[in-house]
Structure formats: structure tokens, C-alpha cells
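Visitor: The primary structure of each chain is shown beneath.
2 protein chains.
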Amino acid sequence: MKSNKPLILVTNDDGVTAPGIRHLIKIMKEFGEVVVVAPDSPQSGMGHAITVSNNLYCDKISTTGSDVLEYSCSGTPVDCVKIATQSILKRKPDLCVSGINHGSNSSINVIYSGTMSAAVEAGTVGIPAVGFSLLDYAMDANFEPTTKYVKQIVDYMLHNELAKDTVLNVNFPKLTSKDIKGIKVCRQAKARWEENYDKRQNPQGRDYYWLTGEFINEDAGEDTDEWALKQGYVSVVPVQFDLTAHQQIEDLKDLNFEH
Amino acid sequence: MKSNKPLILVTNDDGVTAPGIRHLIKIMKEFGEVVVVAPDSPQSGMGHAITVSNNLYCDKISTTGSDVLEYSCSGTPVDCVKIATQSILKRKPDLCVSGINHGSNSSINVIYSGTMSAAVEAGTVGIPAVGFSLLDYAMDANFEPTTKYVKQIVDYMLHNELAKDTVLNVNFPKLTSKDIKGIKVCRQAKARWEENYDKRQNPQGRDYYWLTGEFINEDAGEDTDEWALKQGYVSVVPVQFDLTAHQQIEDLKDLNFEH
Chain A
-19 MKSNKPLILV TNDDGVTAPG IRHLIKIMKE FGEVVVVAPD SPQSGMGHAI
31 TVSNNLYCDK ISTTGSDVLE YSCSGTPVDC VKIATQSILK RKPDLCVSGI
81 NHGSNSSINV IYSGTMSAAV EAGTVGIPAV GFSLLDYAMD ANFEPTTKYV
131 KQIVDYMLHN ELAKDTVLNV NFPKLTSKDI KGIKVCRQAK ARWEENYDKR
181 QNPQGRDYYW LTGEFINEDA GEDTDEWALK QGYVSVVPVQ FDLTAHQQIE
231 DLKDLNFEH
Chain B
-19 MKSNKPLILV TNDDGVTAPG IRHLIKIMKE FGEVVVVAPD SPQSGMGHAI
31 TVSNNLYCDK ISTTGSDVLE YSCSGTPVDC VKIATQSILK RKPDLCVSGI
81 NHGSNSSINV IYSGTMSAAV EAGTVGIPAV GFSLLDYAMD ANFEPTTKYV
131 KQIVDYMLHN ELAKDTVLNV NFPKLTSKDI KGIKVCRQAK ARWEENYDKR
181 QNPQGRDYYW LTGEFINEDA GEDTDEWALK QGYVSVVPVQ FDLTAHQQIE
231 DLKDLNFEH
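Here the protein sequences come in this chain order: A and B. With this note's numbering, the residue at position 218 of the first sequence is 198, and numbering never jumps. With this note's numbering, the residue at position 122 of the second sequence is 102, and numbering never jumps.
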């Protein structure tokens, strides 16, 4: 019987004990057989990093009374997806869900995001995948309002085929259930980070820096994720990993050169 | 006088002492004022990772007799670009060059690549940028055959405006000068990695894993970077960081939902 249920891989970048992934696991159990492979420590901002020069640990962890297989991995979110699909899962999962992230992964944040990189990695090997993020960095963030929409999106993904080589980037506004207006499919806003490094001295007198920065949205479009989130919608952006700027190939023809 | 010369930021992911970046610095000195900000250790496979939970060191290093300012940074390639533009350079650079990487960053490798992520990061803040990679992982790889093409591409970039929000991903075949056929502007091949983790036991009896894998090119197109490289061309792919799969927004309209 069990094998007829969808197999769902759950991961994240805040670490296997984070409240966001705990909330997601609880929801996913209603949809199928759940296997969790997530980092043993916070991996925010790890982007699509993989562990190439170090070994990885990946241990089964026992959560008393749980019917869910869980693994804690010493690597990045992308490592978790790779090791799950190659070494842990007995068949290709029907879905990979990543998150729910504590903090935004909208607009340009998608490229820094471990949460979204895990989803993208699953996408590169043909697994339908989605990353969920809540615009609240707090460890005690309220994930309850996300439940209804996570269910709606997962149900859609299990019953419809996404376009090939596309995964979903879902962000939730920090609002109560009654204030969330619905779901909007949108494009990634054009935005950037303006850094402002905080320079300090260590006790030995050596300078060091902390990364701090300001998020700058340069995009006034009303079809972007930033706009949708500001209006109180859940934003859904289809994300691709063919990074080719196809329309530029023709423009660059001056570079073509043959002996 | 000096300020009339183009300001060129040089970085990489193999670390500031790697032969690939040394070769690139030598070439760049012919084009302008060069500032190097590169990782103090190898950062291959770091993708678009940034350092958020740890502090960074970034020290001026003295290379005797050199007229080039060089900094060694404890962070990732993306950290190097961020700290260079915000804290080290006195003005916005005219160009950011990353590499020359020891190893391929063609096709799907672009998403794992620290070399390319550094270029993409520069692109996000409006700096023309290019990543160079040689299909030879060896530390004693021969970078001489790349010189002519690096010059051609850098000269083009300093005299032409690339499309907004586009950076270049340049890969060199492992060939002698006389065997390289020229330059081809192409698209990223559709390819994937099939992992094969090497499972071992540490001296304490705990299992650990090493990432190994096989690169699988699923794309027979004769307009791809993989094809061009196999034919003996230098491949140039215009790369974007708007990851939106624009053509899918309409297809996903069933997900749009309003109260």
C-alpha cells in the first residue's frame, strides 16, 4: 500500500530542527510518505554551494514516535538533495519541498538562497520541486497562516505537471490568515543589495568585517513578487536553471570568430 | 592619468595564489588599473554562497615588485565582490573578471560555480562581468592558449555595452593554441550530474561520504557550449540572473487565487 503514496523529500536551509521545516513536515505527512534530509546546522545564504573538498556525514536521527524517516546531514542544502536522491531514497521522489524558510527568498534573494537552491537541484534531475519562505526571520515566526496555501500548491503540483526544468519559488507575507489576500503567480522583481560592511577589530588588533546591507527594489512593476507580497499576496515565481540569456546570443555575434 | 584607465576587479574561486588568476592578472594589466580581491583558500563549488553568520577577514597582501593592489579575503567569491565594491574600491569598476578557473563551468556547472557566481554578483550591481574557465583541473594547466581570446573578449567588453543584467560565461577547451578553432557564442547545454557517493567509515566507525559523480549531457544541440567546446571552440554564453521562467507564468494561472 505504502508505495502508492507519493514519496516526498523535505529539506531546508535553516537546519533540521528549525520550526519552519517542522511545520512543513507536519503538512506533508497528509500528502504522502515523507523522508527528511536536512542540514545539521543553519545554512542560510549558502546558495548552490556543494561540498567538494570535505567529506559529508549523514546520520539517521530518531524522533520519538515519528513515522517519518529523518536524516541530518553535515553539508549544504544542495548536498542534502544529492545524497538523498543517490544514497537514501529507494526511488525517485514525486516531489521535493524545501523550507519553510525563516526569511524572504523573493526577487534577487533567490540566487543566495539555500532553500531555493535545494529545490533547483531537485529540478536539475527532473524532480518536481518547490521552495517555501516566510517573510519573518524570527525563530518563533507564526507559520500557521501558510498551511492553507502550502496545501493548495502541493496539491496542484502532485496533480499537474510543471513545465520541464522549472521549479517554484513561493514566498509568504508576514500576515495573519485573514489578511492574506490569496496567491499571485509573478515574475522575480529586479532588485539588488547595497552592502554596508561593519568593520571591527579583533582582540589581536586585526580588522574584520560583518556583512550588513540594504535591500533595494528597483522595480515598480505590478507583476513582480515584491509587489504581490506588499499587497498581501502569497507570491509564486516559476524559476528556471537554464541561465542562458537567449535573446542576447544574436546581439553578441560580433564575438563569433573563426580561424 | 591613472584614473582615466579602466578600473578592473579581478577575482576567482581557486584562491588568490592559483596559477589561473595569476595568468589573468598579467593579461588585465595591459587593459587598465587592476585590483585583486580573491579568496584566501580554494572555494570551488561554493556557488552563490555568502558569509552571513561569520565575520570576514580581508587583508592587503604584498607581492614584491607588483604594481597591483591585492587583497586576500576569508570569504566566498561572492563575498570578495561585495567587499571589493563596498569597502576596497574607490569607484565602481569598469569590469569584473573572474578566473581563470581550473576546470569547466559550462552548461549546468554554472550554478555550482564560484567563478561564475562572482561574475553574476558583479552583474547584479551593474558592473560588466565575465567568468573565464579552462577545461583542465590541473594546477599546472597551460593557460597560455587562453591569452589571445581573453584579450579579444575583454577588449570587446570595454568597448561595447553588454545587455543589461547579462554577464558572460567563457570556457576554454583544453587544446593548444593552434588547435583552438575560434569563439562561439552559444546557449547553456541541458545537462545534469549523476552522483555516486563513496561511502567510507572514519576511524571511530562512523559512516561518511565523498561526493563523486558523472556529468551527463542530455543535449544533442549544435548551438550549445558543450558542443562548441567538443568541436574545439571557446564557448561564450550570455548568462542572466532573472531566473523567472517567464513563459510559464501564464501556464500557472490556475494557481492564482483571491478571496
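FYI, nobody ran anything at the bench for these hints, they're computed from the structure. It is possible that some hints are incorrect.
Given that identical chains are not distinguished, each listed pair holds provided it fits within a single copy or across any two copies.
[What the hints assert, rightly or not] Below, in silico cross-link-like pairs of lysine-lysine (PhoX-like), each with a Cα-Cα straight-line distance of 20 Å or less:
(1) Lys158 - Lys72
(2) Lys233 - Lys128
(3) Lys233 - Lys154
(4) Lys161 - Lys40
(5) Lys70 - Lys144
(6) Lys128 - Lys179
(7) Lys210 - Lys9
(8) Lys179 - Lys9
(9) Lys(-15) - Lys210
(10) Lys158 - Lys9
(11) Lys70 - Lys179
All values reported here derive from a predicted model rather than from experimental measurement.
Visitor: Compare the structure with each hint and give your call.
Guide: Do the hints match the structure? See the list:
In this assembly of identical chains, the alpha carbons of Lys158 and Lys72 never lie at most 20 Å apart, being 37 Å within a copy and 46 Å across copies at closest. Taking CA atoms no more than 20 Å apart as the test, Lys233 paired with Lys128 passes between copies only; the shortest distance there is 18 Å, against 49 Å inside one copy. Taking the shortest Cα distances, Lys233 and Lys154 never come within 20 Å of each other, neither inside one copy (46 Å) nor across copies (23 Å). In the homo-oligomer, the alpha carbons of Lys161 and Lys40 never lie at most 20 Å apart, since the shortest distance is 40 Å inside one protomer and 52 Å across protomers.
For a Cα distance limit of 20 Å, the shortest separation of Lys70 from Lys144 qualifies neither inside one copy, at 23 Å, nor across copies, at 45 Å. Taking the shortest alpha-carbon separations for Lys128 and Lys179, neither the intra-copy value of 44 Å nor the inter-copy value of 40 Å comes in at or below 20 Å. For the identical chains of this complex, Lys210 and Lys9 are neighbours neither inside a copy (31 Å) nor across copies (47 Å), given an alpha-carbon limit of 20 Å. For the identical chains of this complex, Lys179 and Lys9 are neighbours neither inside a copy (46 Å) nor across copies (30 Å), given an alpha-carbon limit of 20 Å.
In the homo-oligomer, the alpha carbons of Lys(-15) and Lys210 never lie at most 20 Å apart, since the shortest distance is 37 Å inside one protomer and 44 Å across protomers. Taking identical chains as interchangeable, the C-alpha atoms of Lys158 and Lys9 are never at most 20 Å apart, the minima being 25 Å within one chain and 60 Å between chains. Only between protomers do Lys70 and Lys179 lie at most 20 Å apart by alpha-carbon distance; the minimum there is 16 Å, versus 49 Å within a single protomer.
In the structure shown, a violation is registered for the earlier hints numbered 1, 3, 4, 5, 6, 7, 8, 9 and 10, in ascending order.
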